[in-house]
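Novice: Protein chains in written order, with the working numbering: chain A, 1 to 256; chain B, 1 to 256; chain C, 1 to 256; chain D, 1 to 256; chain E, 1 to 256; chain F, 1 to 256; chain G, 1 to 256; chain H, 1 to 256.
Do not rely on the hints blindly, as some may be mistaken.
Stated by the list, open to error - Label pairs and their in silico Cβ distance ranges:
id	chain 1	residue 1	chain 2	residue 2	range
1	D	R72	E	P170	32 to 38 angstroms
2	H	R119	A	D152	31 to 37 angstroms
3	E	D86	F	A87	21 to 27 angstroms
4	G	D86	D	D86	48 to 54 angstroms
If you're looking for bench data, these hints aren't it; they were derived computationally from the structure. Idealized CB from N, CA, C, for every residue including glycine.
Number of protein chains: 8
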Amino acid sequence: MKAKRPAADRLLADLGNGRVSLDAAVEVLLDAAQDGLPDATLDHDRARRCGAGEVVFGQGKTPAQAVAIARRLAAKNGRVLVTRADAAMRQALAAAFDGSVPVAVNESARTVRVGRPPRPRGRVAVVAAGTADLPVADEAVETLIALGSRVDRIADVGVAGIHRLAARMPLLRRARVVVVAAGMEGALPSVVQGLLDRPVIAVPTSVGYGAHFRGLASLLAMLNACAAGITVVNIDNGFGAGYAAHLVNVTGEKAR
Amino acid sequence: MKAKRPAADRLLADLGNGRVSLDAAVEVLLDAAQDGLPDATLDHDRARRCGAGEVVFGQGKTPAQAVAIARRLAAKNGRVLVTRADAAMRQALAAAFDGSVPVAVNESARTVRVGRPPRPRGRVAVVAAGTADLPVADEAVETLIALGSRVDRIADVGVAGIHRLAARMPLLRRARVVVVAAGMEGALPSVVQGLLDRPVIAVPTSVGYGAHFRGLASLLAMLNACAAGITVVNIDNGFGAGYAAHLVNVTGEKAR
Amino acid sequence: MKAKRPAADRLLADLGNGRVSLDAAVEVLLDAAQDGLPDATLDHDRARRCGAGEVVFGQGKTPAQAVAIARRLAAKNGRVLVTRADAAMRQALAAAFDGSVPVAVNESARTVRVGRPPRPRGRVAVVAAGTADLPVADEAVETLIALGSRVDRIADVGVAGIHRLAARMPLLRRARVVVVAAGMEGALPSVVQGLLDRPVIAVPTSVGYGAHFRGLASLLAMLNACAAGITVVNIDNGFGAGYAAHLVNVTGEKAR
Amino acid sequence: MKAKRPAADRLLADLGNGRVSLDAAVEVLLDAAQDGLPDATLDHDRARRCGAGEVVFGQGKTPAQAVAIARRLAAKNGRVLVTRADAAMRQALAAAFDGSVPVAVNESARTVRVGRPPRPRGRVAVVAAGTADLPVADEAVETLIALGSRVDRIADVGVAGIHRLAARMPLLRRARVVVVAAGMEGALPSVVQGLLDRPVIAVPTSVGYGAHFRGLASLLAMLNACAAGITVVNIDNGFGAGYAAHLVNVTGEKAR
Amino acid sequence: MKAKRPAADRLLADLGNGRVSLDAAVEVLLDAAQDGLPDATLDHDRARRCGAGEVVFGQGKTPAQAVAIARRLAAKNGRVLVTRADAAMRQALAAAFDGSVPVAVNESARTVRVGRPPRPRGRVAVVAAGTADLPVADEAVETLIALGSRVDRIADVGVAGIHRLAARMPLLRRARVVVVAAGMEGALPSVVQGLLDRPVIAVPTSVGYGAHFRGLASLLAMLNACAAGITVVNIDNGFGAGYAAHLVNVTGEKAR
Amino acid sequence: MKAKRPAADRLLADLGNGRVSLDAAVEVLLDAAQDGLPDATLDHDRARRCGAGEVVFGQGKTPAQAVAIARRLAAKNGRVLVTRADAAMRQALAAAFDGSVPVAVNESARTVRVGRPPRPRGRVAVVAAGTADLPVADEAVETLIALGSRVDRIADVGVAGIHRLAARMPLLRRARVVVVAAGMEGALPSVVQGLLDRPVIAVPTSVGYGAHFRGLASLLAMLNACAAGITVVNIDNGFGAGYAAHLVNVTGEKAR
Amino acid sequence: MKAKRPAADRLLADLGNGRVSLDAAVEVLLDAAQDGLPDATLDHDRARRCGAGEVVFGQGKTPAQAVAIARRLAAKNGRVLVTRADAAMRQALAAAFDGSVPVAVNESARTVRVGRPPRPRGRVAVVAAGTADLPVADEAVETLIALGSRVDRIADVGVAGIHRLAARMPLLRRARVVVVAAGMEGALPSVVQGLLDRPVIAVPTSVGYGAHFRGLASLLAMLNACAAGITVVNIDNGFGAGYAAHLVNVTGEKAR
Amino acid sequence: MKAKRPAADRLLADLGNGRVSLDAAVEVLLDAAQDGLPDATLDHDRARRCGAGEVVFGQGKTPAQAVAIARRLAAKNGRVLVTRADAAMRQALAAAFDGSVPVAVNESARTVRVGRPPRPRGRVAVVAAGTADLPVADEAVETLIALGSRVDRIADVGVAGIHRLAARMPLLRRARVVVVAAGMEGALPSVVQGLLDRPVIAVPTSVGYGAHFRGLASLLAMLNACAAGITVVNIDNGFGAGYAAHLVNVTGEKAR
């Protein structure tokens, strides 16, 4: 996805002879600079929450809307990821693309991936503290696959049974970056980061009740983690964690 | 400290012949029932936050006031514990009792113990996650000593270096109940409880900054701990944790 | 439930001749140490919130899932407790085990106990401030029974009618530890602890409205209780209170 | 303090012949209606927080400013109450009025009453849960005296020693209305209201620490009190509680 | 409803000859003192939120339960008030008592009054800021009627049209105490109290959205009201406001 | 809508000869002053949230109620705006006015405008950060049209793609005042105000999840905006933003 | 302060012949567009909180720093406003500019205005609810003067004495926009907007205590104001309110 | 800093012949695995907040303590970083190491770096939104230098003047990862991430007032950022952001 520099010459000429105003030129140049980004997918993905781009935020959309948007994006880019898709939307998307392109539906993550994902690069580990945290972790997993990262998925290694984590250390040490999703007291990222020298991205989940305040307890715990190296995303934001982890993972690729 | 039942007969007679009213009798009888508790120190201690009893809450009092109250209590009970005593108060108390009775001043815990403590019974472990949590842990330690529990004090075993905790497991397994003081993400009680089948009393501390909100982050983490068996006290309440731990420890004694 | 030490010799040999790596050995040894805990039920129970163990957290599971998990656990341990089970799940569990083993369904507590509980030991009192707090208190009661504690259940003794509490004092004094569930202003634990020298475990409930903020008012009141000896669990966490109370109660047993 | 109706005739004439505008007339009439209130002190007192009236809110003022305002008000009304006066302001006020009129300085309440208070009417009880709550209770006491209510002051009857309250029941039953100031878990108003059929005005105090959040815990507890009849004022607002209690007490007078 | 003093003589005799224990005697005497309250309805009403008494808190009960409780109370006291009764419960209650006793169903207040209310005494004004606040105001009105206060109901006089309030001043000045229910910015109590020398009881309502936080905005505004004399109850607690207002109103009666 | 001054003479006469009381006169005069406002629509609109006026707050009303109120207002004023109207209410209103007057139904804004709007004056821009913010922006648009402002609607120019905003600068510079609706991080108003010297009215929306806390995050961001000139309304309050923007826009008109 | 269009021709030439890169051109053009704003002061003022521009945010700066910045700005623009200047900074600034240019020091507002302000245009009213709110109101007044608006300042017209407001209505009606600063219950903007058809900008102040939470109570009240037309700025942000009011006032000017 | 594997053979022998217990072996092995980490500095740094390691958290320590710890660490590792060092501590450290090793004192960041930092690798950009955010940004810069990352520091490019950012885009595009520190509305990370395909680590600062709630507003804004790829650390945690950024930057190095 290389940058396509605008025809600057023509613009300059038009600006010079008054055919375009200064304001219009600014706008064109800005667009040009934007298009010049090395990774054009970025722009589309950025639009996910606004309803367009290679990633579609399914929540609040009808199945028909999601299908329409996904078709357009798949036609343009060859692939598309839909997140926060409920059962009806998942079914509609699976039916819409049936036969034409590969479609991967993930019930737990509530995602639908259309098209063949990029060749997996590098290595990212995604850890869920408890089984109830799996949907959030799986959203991160699917996002990573869709963006082109190789992923290891590790489940059920919560802090109240710390020996379970020890068994997975070899796997964790192989990753360039680790995503940890945890609800309740949200302590797992601290323990994981304490054993690793790789960046840990923590995702607080809303799993809990009472004084959990729908994820606030986990969020605060992670922001106050004693182990340096942890950064945090919004509650239940598996997509955001996966996206950020992919950027870190790719940093390793680019440096070559 | 056995119960001293009131002279019920005289009261009944007085009530019968009208010398005391029904209301007055109720009050006397209530007092009597109260005095009948097996552990008379309890009543005084309960008054700690109100400024009287065998335990004096030093905060908000002048050194002179603290000395006066402590003298009265020591005279009555042979011993007294002063908590939240600043440097001036600690100095004043040390001077006041100098020579007459044993005085133990704890700079970290900000406590002064006057008089010989009871013979230590049972076994309680008090754990501090970080060095900054030590003052709170030490307040629990001093409270336990003053009440008559045997204490093991364990420092600096935070979750971001979990192997440090493993080394202390034999000590922890020897305790009837464990007090864990932790600030920041407040995750240590979960890990400790996950390795023990004894009650764990968690004390959130105000050690942290920013989104820690003066102890709120630690408090919420502990209330949402995944490991069953944990109970929680107020932020920085080392006294309360020590007091509750003593009651649990003594439960073991009483059951004999 | 004695500890079953691993075959340390074989491990050492394998490690010595390179058949197992150092990392793998660490893990095996950790597991071994874990298995060595005197009370093996602990480990399973700890897993409750993650969907496995002798206690199943029913919330968020389908009746079929709960039945499947309960069957496996009952087969392994001879008994199982399911908490937060709605009507459909209770019915499914009752049907699944019908005839084969004793099944105790508690509508109020929303629990199902499968199998004969352990012989009751010691004595724990569970107090509900109002009738609306009973479901939370009953979850504590069922947990205590399932774990093997003898329980006295006391209902409707709220602070706005303090004489009702006086009538229950003899019963309360017989307990080794008292669980108090209260919503609204959450004041009952303070009053109970003020009359007792036993540990009180306070459970704030979400019973209230408006400025109660779904249990926050009760929780804060209990954390700030004037009477020393009170410890607190999460809002509506009857299970956690019962579990902690059992550990305290058993402390009395063990000390013998 | 009877109402002084304005010279309505002159106003009407002026309005009729155009000497005053309609807008001006509205204003004059409104002022007139206001002056018509049976208790003229009310209007001035209402202005307390704005810096004028028979009650002066000392906080944020210099001693000199407080003296100047108090002099003007005392000259006009014969008496004045200054609240939230620090040591310097109390000293300045005592010196300013020395010899000329009676001056009552209350160190605990941080108030200065100038002039002879009205003849005490009715009966109001003011209760402090702990000694630390006394300053707030005393502000209520001084306000009640300044406004003309007879007051009984009761200290140190917190819920964690409920028998202490029983002894004061006869006194409480004599009052027309009871003010209860309490910090920590704020439970005393519930217990008091549960024993009385008189209105209880609850004042949460900021006495506490950690999860007390500077009075929030007490405030929420009081707003959620189980016992009907309780109303609540702002944290540490002894003045407001005393003022409202006086209005209730006087209701009894007026009904005659 | 006069007090029925217990047979103190018999108790004393039994206590003297050991037929009753000291503990049991305390309890009997406490009950006796309680029964001795001048207004026996108080005790029952206090139990409202616990499911019994002359006032039934309908929320969380089935229509059948509400009918059963109401029948028992009506049989005992001749009257009963049910609050927070949904449509089904109101219909069931109306049907249950049809023909036998007067039944007053208030759709807005969600209340059912059974039996002839006491002869109305004194005078209380209940003000609703907006039409959406009427259900809360009406709950206060019904409570006042049920308890025996004479009520004036005033609707739709919000602060954003202050002239509407002026028209009702004569009515407000006739009341011994005023209840004001307001949502949104909760400013009406301040304005009303500013024009009156009677106690004002403010009820914040949950009417609002967004940064209203389900009543928090109104609650805080009322607690911080500039006008002295205002006291506050919980959000949407029309019952509590009416109850407290009745106690104030009756204070006027009693003083005669 | 010119002011209709009351018959002041007759009132004065009546007041003079005692036919009306002073209190009654005050009220009449106040009403008169109120009627004297240059823009009579104001008074009715102000009543919107109370259920009457030219603007009807549909939420919490039945379709039948909304139709009845709208009919009355349309008959009186020739036009009416209904906000927060769900599908059923929109359908009922469309049917009720069908054929007789123009009816504009806006599905996104959930509004129904009845009658021909005033001739559009001035120029206001309404900007939505994302497509999910459009319903709130559209409520502002419909309010502005109903009140008589000319509106430019700009969608999908969020901060995470800042070049999209540049293209709309000419349009924004033409407006007298700009309304910006944004959820998520709520940053768009800062950027827009940074490029403009016109007043910006920011509307936080509840679009977001997790730590967004239903609009709180956007609200706080806007209140703390670095760019001077921004003012803020309640979360999701498109009506309020449109109303305030109209007042600003009209200020430009009036100044002529 | 007219816009100075950049030498576009030269830039285009340079871009054409490769002397400047596309990125550099974008930047230059953006700067140009920015300079093209009709009111160049805007750009500098916007920088106030960053430490530069015609308005200096004094808080966190030393007197020497403030003097240095103010000298540079005054030299460039002929005038400068310093806000949040403590006594030392005010003295330093007064000394620095003494004699050379007019200097206006406002103790209440904590501001220093250097240089002759622009000729006052239009009319803005600034209202303070209580005397304690005056510093915030005065910051708005000084900002308005410095920017060139004519100001009427109105003090002490709080809602708990609503007749005081009536007297100022003629003055308020003359303003194009009204700024209202209020602490405590923050109700004044609602009442003012209810009487006016001009935009009202509300400034919550931190004047209050206890459940005021440093301005939160006032802020929430204003955001939930029933009267349409109110917009809100941050707590104690007199500068921001004055700035926004000036933009509205100038809208009136521009429209001519 | 290569891993030094423990003498596993000897341990195994000792374990085999019973000289060490299983528990002790577990601990030794754990320590060994820990030492085996490729980057030994990690372990020490992790201990920063506990008072030991190559990074010293100066807050709460005396200058003498900081000097002692720093000396020990410098002796061991050749370098040390002290953060949150006040003026006295900075002076003491500068004096202690004077002449022996290079010492870099940063007044803004409140840090002292002792010893020659590692050779800078890769490239990290650190951006401060306003000058007041510089201390936090500078703490990140110093941490990055101390750990061995090459840093570009960019100041004063806040969103309310978006063209300033455009000029720095070439610099930002050169970085492998960007740290953005911002107070107030915290919007800068969204804008920066919207223009970049590199990971952005956002640091909310406590710069603000009123409804900023000491950093909460910035924190929430960043957690809700619309642009994917942003992760967040605690308020004012420049150290944590720098640490995490270094881990990401090094990921690029390692991948080679």
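Novice: So, for every hint listed, does it hold in this structure?
Specialist: Okay, the hints, checked on the actual structure:
no. : hint                                  : result
1   : D/R72 <-> E/P170: 32 to 38 angstroms  : holds (33 angstroms)
2   : H/R119 <-> A/D152: 31 to 37 angstroms : holds (32 angstroms)
3   : E/D86 <-> F/A87: 21 to 27 angstroms   : holds (25 angstroms)
4   : G/D86 <-> D/D86: 48 to 54 angstroms   : violated (22 angstroms)
The structure does not agree with numbered hint 4 stated previously, though it agrees with all others.
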